[in-house]
Amino acid sequence: MLAVVGFGQSWNVALAILNLCLISSVMSMGLNIQWGYAGLFNAGVMASTAIGGLTAVLISHMPVSKAWSVGGTSLFALIVFLILTLSVVFFIFKIFKRGRKRSFSIALVILIGYVFMRFYYDQATFAIEQVEPAKTGFLGGLGLPIIFSWAAGGFAAAGLAWIIGRISLGLRSDYFAIATLGISEIMISILKNEDWLSRGVKNVTGLSRPVPYEVDLLQSEWFINMVTWLYGVTDGEIVKTDVLREEMQLSAGVIVKLCYSGLFLIVVLTILIFAVRALNSPWGRMMRAIRDNETAASAMGKDVTSRHRQVFIIGSAVIGIAGAMLTTLDGQFTPGSYIPLRFTFLIWIMVILGGSGNNLGAIIGAFITWFVWIEAEPASLWLVENIDFFFTTNSPLILHLKEVAPHMRMILMGLMLLLVLRFMPKGILPEKSSS
Amino acid sequence: MISVKNVVKHFGGVVAVDGVDMKIESGSITGLIGPNGAGKTTLFNLIAGNIVPNEGSIFLDGENVTGLKPHELFSKGLLRTFQISHEFHTLSVLDNLMMVPPMQIGESLLGALFRRKEVVRQEDEIQKKAKDVISFLNMGKMANELAGNLSGGQKKLLELGRTMMVEPKVVILDEVGAGVNRSLLKEIGDAILSMNRDRGYTFCMIEHDMDFISRLCSPVVVMAEGKILAEGSADQIKRNEEVIEAYLGKGLKNKQN
Amino acid sequence: MDFSTDMLNALVLISNYVLIPSLSYGSQLALGAVGVTLVFGILRFANFAHGEIMSFGSMVTVLITWWLQSLGVTMGFFPTAMLALPLSIIITIILVLIIDNSVFSFYRKNKSRAVTYIVTSVGVMFILNGLVRIIIGTDEIIFRDGQKFLIKAGHFKKMTGLSEGLALKQTQVLTIVIAIISVVLLFWFLQRTRTGKAMRAFSDNEDLALLSGISPERVVMVTWIITAILATLAGVLYGLDKSFKPLVYFNLILPIFAAAIVGGIGEPLGAIIGGYVVAFSEIMATYAFKKFIIYLVPSEFAPESLVQFLTTEYKFAVSFLILVLVLLVRPTGILRGKLL
Chain P
616 MLAVVGFGQS WNVALAILNL CLISSVMSMG LNIQWGYAGL FNAGVMASTA
666 IGGLTAVLIS HMPVSKAWSV GGTSLFALIV FLILTLSVVF FIFKIFKRGR
716 KRSFSIALVI LIGYVFMRFY YDQATFAIEQ VEPAKTGFLG GLGLPIIFSW
766 AAGGFAAAGL AWIIGRISLG LRSDYFAIAT LGISEIMISI LKNEDWLSRG
816 VKNVTGLSRP VPYEVDLLQS EWFINMVTWL YGVTDGEIVK TDVLREEMQL
866 SAGVIVKLCY SGLFLIVVLT ILIFAVRALN SPWGRMMRAI RDNETAASAM
916 GKDVTSRHRQ VFIIGSAVIG IAGAMLTTLD GQFTPGSYIP LRFTFLIWIM
966 VILGGSGNNL GAIIGAFITW FVWIEAEPAS LWLVENIDFF FTTNSPLILH
1016 LKEVAPHMRM ILMGLMLLLV LRFMPKGILP EKSSS
Chain V
57 MISVKNVVKH FGGVVAVDGV DMKIESGSIT GLIGPNGAGK TTLFNLIAGN
107 IVPNEGSIFL DGENVTGLKP HELFSKGLLR TFQISHEFHT LSVLDNLMMV
157 PPMQIGESLL GALFRRKEVV RQEDEIQKKA KDVISFLNMG KMANELAGNL
207 SGGQKKLLEL GRTMMVEPKV VILDEVGAGV NRSLLKEIGD AILSMNRDRG
257 YTFCMIEHDM DFISRLCSPV VVMAEGKILA EGSADQIKRN EEVIEAYLGK
307 GLKNKQN
Chain E
253 MDFSTDMLNA LVLISNYVLI PSLSYGSQLA LGAVGVTLVF GILRFANFAH
303 GEIMSFGSMV TVLITWWLQS LGVTMGFFPT AMLALPLSII ITIILVLIID
353 NSVFSFYRKN KSRAVTYIVT SVGVMFILNG LVRIIIGTDE IIFRDGQKFL
403 IKAGHFKKMT GLSEGLALKQ TQVLTIVIAI ISVVLLFWFL QRTRTGKAMR
453 AFSDNEDLAL LSGISPERVV MVTWIITAIL ATLAGVLYGL DKSFKPLVYF
503 NLILPIFAAA IVGGIGEPLG AIIGGYVVAF SEIMATYAFK KFIIYLVPSE
553 FAPESLVQFL TTEYKFAVSF LILVLVLLVR PTGILRGKLL
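Protein chains in written order, with our numbering: chain P, 616 to 1050; chain V, 57 to 313; chain E, 253 to 592.
So here's chain P without its partners, still in its complex pose (with noise of 0.2 angstroms):
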């Protein structure tokens, strides 16, 4: 398929798509995790995606002294007060007995704290988004190597899905995804307008690579030799025509891409290993337990709410790996571009279509689906171009259907799943039913 793309189109089209099929991947193998293995109905997949994408962001960024330096007392100021306001009120939930007084005195101690935590917050925003607001504005990150963010993005999203679980785990699975559904937005909405942590809308743009830039390969000596061999030209002669430049160019595309894919394929096949294995233990047992039939499985002895609490960590830690790769991948954080019909809905036709359970069927899933994601809109273009054939090339109906052309994706997703659930509903590669 890919190689039809890379002939058809072009080996940097081609790629493209590769290294995203291997992101996706990877969100479909955590995804699949929770609800493959132990049956959770995550509908927040993309609150993992995005803080692993944040994450990219606070560990490679430079750090903004400066806005440290204005806003760094408030900001300190503020974790106190939350601190204290939180311990207070733990204090007050462990001392007093249930009732009205409890209620209330927690209630008006929230108030309090707050008062207090609002007051440094607009400090300290105020002064951190006013340091050069075109550039920064912002905390900045710690500008370490954004390699390192990888494991950091699991860890934060494992963190984040803690909290989530917290509120949201033992609901129905019909509550616990609106609830989950509804955390990811907010948390979507909270890194679009919180301007000192992620730049919000502005964006951060120009996040350091773990691969080299195309730039500096066209300057080194080892890439020109290697394309002039690959090209068949003797030394130096032909260098300057424009065909072998341009060569130049596609290659240094090529290589930047393909050491991408590398080092995601690295990624996807260690978590693929440990996936496998995990599922085909004792433990993975224990979770299809759970999945089948809750009640029976508390009744054989085994803790449903902290096994699923431990099995969303880890699925969600697997997606915030992948949210930090993806950020990575892109060179940018945009906040505005998460939305759950690609972020949350999309993995889940992924896992569906590839089989529920089955780890190489999310990453079988994960292919098939981001292809069709992609080549949607070139296909239906080209249908859009064909049927020429009978209204003339202008005519407002073309014109519209070449515009929205780009939608037919959302339609082809939307029969894939619901055929697939009719007719294949375990999936291209259905869970292995014995151990």
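Be a bit skeptical, because a hint or two may be false.
Said to hold, decoys possible - What the simulated footprint calls covered on chain P by chain V, stretch by stretch (three residues with Cβ under 8 angstroms from a Cβ of chain V suffice, anywhere in the stretch; the number is not a length): (1) 888 to 897; (2) 908 to 922.
As the list claims (entries may be wrong) - Derived lysine-lysine pairs resembling DSSO-like cross-links, with alpha carbons at most 27 angstroms apart: (3) Lys1041/P <-> Lys361/E; (4) Lys1047/P <-> Lys363/E; (5) Lys567/E <-> Lys807/P; (6) Lys712/P <-> Lys61/V; (7) Lys1047/P <-> Lys187/V; (8) Lys125/V <-> Lys79/V; (9) Lys542/E <-> Lys567/E; (10) Lys61/V <-> Lys132/V; (11) Lys242/V <-> Lys184/V; (12) Lys1047/P <-> Lys184/V; (13) Lys61/V <-> Lys125/V; (14) Lys1047/P <-> Lys197/V; (15) Lys225/V <-> Lys184/V; (16) Lys807/P <-> Lys363/E; (17) Lys363/E <-> Lys1041/P.
Said to hold, decoys possible - Label-pair ranges, simulated between beta-carbon atoms: (18) Tyr303/V <-> Ile721/P: 52 to 60 angstroms; (19) Glu992/P <-> Leu339/E: 27 to 35 angstroms; (20) Pro993/P <-> Arg444/E: 51 to 59 angstroms; (21) Lys750/P <-> Gly389/E: 31 to 39 angstroms.
Everything labelled a hint here was simulated from the structure, so no lab data went into it.
Don't be surprised by glycine CBs; every beta carbon is placed ideally from N, CA and C.
Following the hints, position chains V and E against chain P.
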């Protein structure tokens, strides 16, 4: 073994269990009977921790276990089966049994990933035990079948088998014989008797089949309308006027409706 | 200025920015939430495609409105969309019934788990979303016409001599009136007609309802029809009040779900209460009370900050916060619905 003290449970306005006191003696097979809607299954759910009583307390071996979760009760030696089979339908019969033993090394994620040798050794032991249980239950042919594909009676047998994977102090059986054909019912009865005699399990069971009850249970407790109506040997119960009236009266009421 | 004028000014201010917008937004949410809650009560799943049904109904209305306008047919004082409503409701009903027949009925026959329905509704969501985008694009469309204001802020100031103006948009009144009428009709239907009673019985206890000879397919069909009507109304009223934008409707399902759950899922009356609870909390939590307080307290106590609990960007986070609170305190919702 288990003592239930003045337990009350209501759902909305309906009182399902209304101040029940009951004892399940160690080593006994206690039968719990009563007309439909008497509150038997609710009482079982209360004992097994699936629901929490509004009033009263439940003791297991003298320890107050009111409000504990089912999995906590499991670790204290209380196991149950369900009226409607609760098998793990996408797991094989063997896996259904093998998932039961607690504290398996491979059940912690780290153990599963990094202590593989020990896990394999432990799995072998557990599998051997599971195979013993399977042959005890005469289910040898079905060992690798998905539990979801079993017949209703076989599912009940499998649930009974799950309780044999550990050494429970007390097993509560909710209509283990319902919907099971005669010959299989006899097998189940034999299994229960031998588990009781040879392994010393204590049982408490809800059952409708009086022959089955007479054969296995002593004592028999009768519930009606959320209360304990009578207690005694199967013969005593059969002759008890109040009990007969509770069944018949219910029947008459049904007819009037 | 004396104290009573200040009081009046404060009252007008709060009506203008909180009371009236909350009432009309709450009505839109309520209409949506009743649909969600009915589907939950009868079909027993949370319908993720509900927002897209609203979006589809509104799109059809927009198209018919354009067509009417191109013919020169308008309603003068009222928005032309009102004229388009009956036809677009019928089209939406047909669409919803086709979806039920071709998609959901299969899983009903197989007695599938609730989760399967939810995933299926996600598939439907994708298709409807794509359909709407393909037919009408993704641009923001304002299709309101007719008289915009019933009371203009300036007029109000002149009339009363107060320093605060009260603006009353026609769409706001229209929303509230239509919501009241449809809710009354709905309850009349549920309480008085045979089918309505059957629906309530079905929602209460499926098995008992089946025993009493109710045709489940008929109940399901009627449920979808009502859902389609209410969804179209809610979508169109929301679109008239603000604007029509396909993406917005997906985001609306969150406050709508919140309303349905807060009110007690499966309880139509609860959904309506929930709608207003969510709307009022959203708007109040994001409204800056500074000016309001200045009117009420002596000038030396006037607050410096905006006295705004959350910035408006977090509007719908509020609906979710309420949802979480209700979950923790009273998981069955205000009117003790089914426990999800």
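Need the list of violated hint numbers for this structure, in ascending order. 16
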